[in-house]
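Peer 1: Residue numbers (this note's numbering), protein chains in the order written: chain W, 503 to 792; chain C, 81 to 303.
Calculated directly from the structure, the hints in this document are not laboratory data.
Predicted model, so just to flag it, every value in this text is computed and none were measured.
Just so you know, even glycine gets a beta-carbon here, dropped at the ideal spot from N, CA and C.
Keep in mind that a hint or two might mislead.
Quick list of the computed label-pair ranges, beta carbon to beta carbon [stated by the list, open to error]:
{"hint": "1", "chain 1": "C", "residue 1": "Ser193", "chain 2": "W", "residue 2": "Ser761", "range": "51 to 61 Å"}
{"hint": "2", "chain 1": "W", "residue 1": "Leu767", "chain 2": "C", "residue 2": "Ser135", "range": "39 to 49 Å"}
{"hint": "3", "chain 1": "C", "residue 1": "Ala210", "chain 2": "W", "residue 2": "Ala545", "range": "53 to 63 Å"}
{"hint": "4", "chain 1": "W", "residue 1": "Leu767", "chain 2": "C", "residue 2": "Gly107", "range": "58 to 68 Å"}
{"hint": "5", "chain 1": "C", "residue 1": "Ala210", "chain 2": "W", "residue 2": "Leu767", "range": "43 to 53 Å"}
{"hint": "6", "chain 1": "W", "residue 1": "Ala693", "chain 2": "C", "residue 2": "Asp90", "range": "37 to 47 Å"}
{"hint": "7", "chain 1": "C", "residue 1": "Asp197", "chain 2": "W", "residue 2": "Leu686", "range": "37 to 47 Å"}
{"hint": "8", "chain 1": "C", "residue 1": "Ser149", "chain 2": "W", "residue 2": "Gln515", "range": "26 to 36 Å"}
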Amino acid sequence: MSARAISDLVVPQGGQSVWLVTLSAAAMGFLAVFALALAVSAAGLARGWSAQLAQTATIRISAPPAEIEQQIAIVLDVLRTTPGITEARLLGEEEQGALLEAWLGPDLPLDVLPLPRLIELTETAEGPDRQGLRLRLSAEAPGAVYDDHTRWRRPLVQAAARMQVLAVVALGLIGLVMSAVITLAASASLASNGQVVAVLRLVGARDRFIARAFVRSISRRAFLGATAGTLAALALFWALPDLGGPLEPVAGFGFRGRSWLLPLLIPPLATVLAWLASLATAYHVLRRVT
Amino acid sequence: MILFQDVTHDYGGGPLFQGVSLKLEAGSFHFLTGPSGAGKSTFLKLCYGELLPSSGSVSIMGTDLRTMSRDQLAAARQRVGIVHQDCRFLDHLGVAQNVALPMTATERPLPESDLEDLLSWVGLADRAAALPPTLSGGERQRAALARAVIVAPNLLLADEPTGNLDWEMSQRLLLLMVELNRMGTAVLIATHDLNLIRFAKAHVNARVLRIAGRKLAVAGSDL
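Using the sequences and the hints given, assemble the complete structure.
Peer 2: Okay, structure coming up:
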């Protein structure tokens with residue numbers, strides 16, 4: 503029998519500490535998937551909001567019905583002669599209705615409501631001289647208001663970034679708690695297997711062999727536990743209903759496309775964490791035991 | 081091989097023995113006798129570094145125990161076969177795995193046939209897969225002796241190795257130790273059994289040490 507095989511055998515496979523490692527790794531793996539989903543979703547939201555709102559702007563024109571068409575024509579003319587704008591498109595009434603429908607329902611009487619008209623702009627990467635554009639619009643079409651979405655975009659992107667930080671902190675805490683639990687479990691395992699340590703010392707086993715025996719046992723349990731927890735959480739995410747539609751930006755909590763592969767990193771990472779924590783603990787304990 | 085220089089050991093209630101000086105040469109054969117509680121087991125534990133002396137020094141293979149690193153002590157123990165009075169096994173491993181432990185735990189190769197031969201020699205071939213708690217006292221001692229000699233040690237330390245054995249098996253195991261001694265292994269056996277000492281003296285030039293009254297002395301030639 504090889505030394506590696508015997509090192510797998512010398513530590514009894516039962517005991518409370520072994521189950522403590524397995525269960526804590528499973529729980530941490532499960533929670534880590536949720537934290538990771540939060541991080542991935544927040545990153546996706548930040549990217550999505552940023553991309554959707556960047557290089558776009560809206561001009562809202564409010565004017566009495568008799569003047570509205572004239573003001574629209576003036577604004578479109580101003581925009582055609584403004585550098586930094588690649589496209590200016592007047593939204594039709596149906597499009598405006600669709601935008602409002604998501605918030606106010608399908609039965610909105612658009613024809614009797616004095617709604618402002620909207621012009622959607624697509625800008626170059628540098629964008630127009632926004633201050634100059636605002637001044638020109640206020641002079642030539644007083645009912646037109648230029649909105650570059652900054653006041654919407656900034657807090658949304660900031661919120662998404664904070665969610666990402668929160669998720670990373672949660673992942674860090676999960677790792678920390680798991681390390682602490684495994685450190686305790688490794689100490690308990692070494693203490694409860696004093697006879698094993700004594701016999702191995704008696705036959706001339708070096709600390710490296712003894713530590714390896716315990717570390718392999720604990721790491722294997724951590725891997726099994728973390729795999730079970732991760733798979734359980736992934737199954738839960740897989741079963742979540744896809745809300746999609748207009749709620750997609752806020753309802754899309756979870757994984758999309760290749761991000762489904764990210765949770766598969768959790769079991770090996772948990773194993774490395776368990777390996778490091780149990781190795782440090784084993785050497786620390788063995789140094790104190792003659 | 082083992083050098084005691086003015087060694088005193090004290091568990092806290094006064095010295096168990098004091099001023100002990102002794103040199104165990106390579107290839108020597110010693111018995112250690114004395115009344116219960118005189119310190120025979122303690123003496124053996126000092127020989128393989130499980131205990132450190134309260135004063136004086138103990139050297140194993142030329143190195144003082146106090147200056148040995150943990151790896152050096154482990155390396156020294158790889159050259160020492162130890163038969164403990166309470167045998168000390170890994171109870172969840174079978175007899176064969178326990179006997180092979182000194183080799184596998186120190187990452188040395190062990191031919192399967194050697195292990196089988198040794199188990200046959202100590203009469204445990206049919207108990208190779210048995211767990212230690214299911215063994216009789218005699219079987220445990222035989223397994224412990226097999227585990228101690230499997231590394232072909234430079235030094236064999238045995239604490240009452242035949243205490244639970246019948247006379248025939250005691251003789252057989254003693255002859256195994258005599259055979260090892262002829263191949264160069266130094267042997268130190270702590271025992272109460274004077275018949276065993278007399279039997280050994282018929283086969284090997286053995287010295288008998290006696291611990292009594294806190295002193296270690298060479299016993300009389302009448303043994």
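Peer 1: All the hints need checking, so say for each whether the structure fits it.
Peer 2: Against the structure, the hints come out as follows:
Distance hint check: the CB atoms of serine 193 of chain C and serine 761 of chain W are about 56 Å apart, consistent with the given range 51 to 61 Å. Between leucine 767 of chain W and serine 135 of chain C, the C-beta spacing of about 58 Å breaks the proposed range 39 to 49 Å. Hint check: alanine 210 of chain C to alanine 545 of chain W, Cβ distance near 59 Å, so the stated range 53 to 63 Å holds. The hint said 58 to 68 Å for the Cβ distance between leucine 767 of chain W and glycine 107 of chain C, and at roughly 60 Å that hint holds.
At roughly 45 Å, the beta-carbon separation of alanine 210 of chain C and leucine 767 of chain W lies within the given 43 to 53 Å, and the hint holds. Look at alanine 693 of chain W against aspartate 90 of chain C: about 28 Å separates their beta carbons, and that is not inside 37 to 47 Å. At about 45 Å, the beta-carbon gap between aspartate 197 of chain C and leucine 686 of chain W stays in the expected band of 37 to 47 Å. For serine 149 of chain C and glutamine 515 of chain W, the Cβ-Cβ distance of about 31 Å falls inside the hinted range of 26 to 36 Å, so the restraint holds.
In summary, the structure is inconsistent with hints 2, 6 from the numbered list given earlier, while agreeing with the others.
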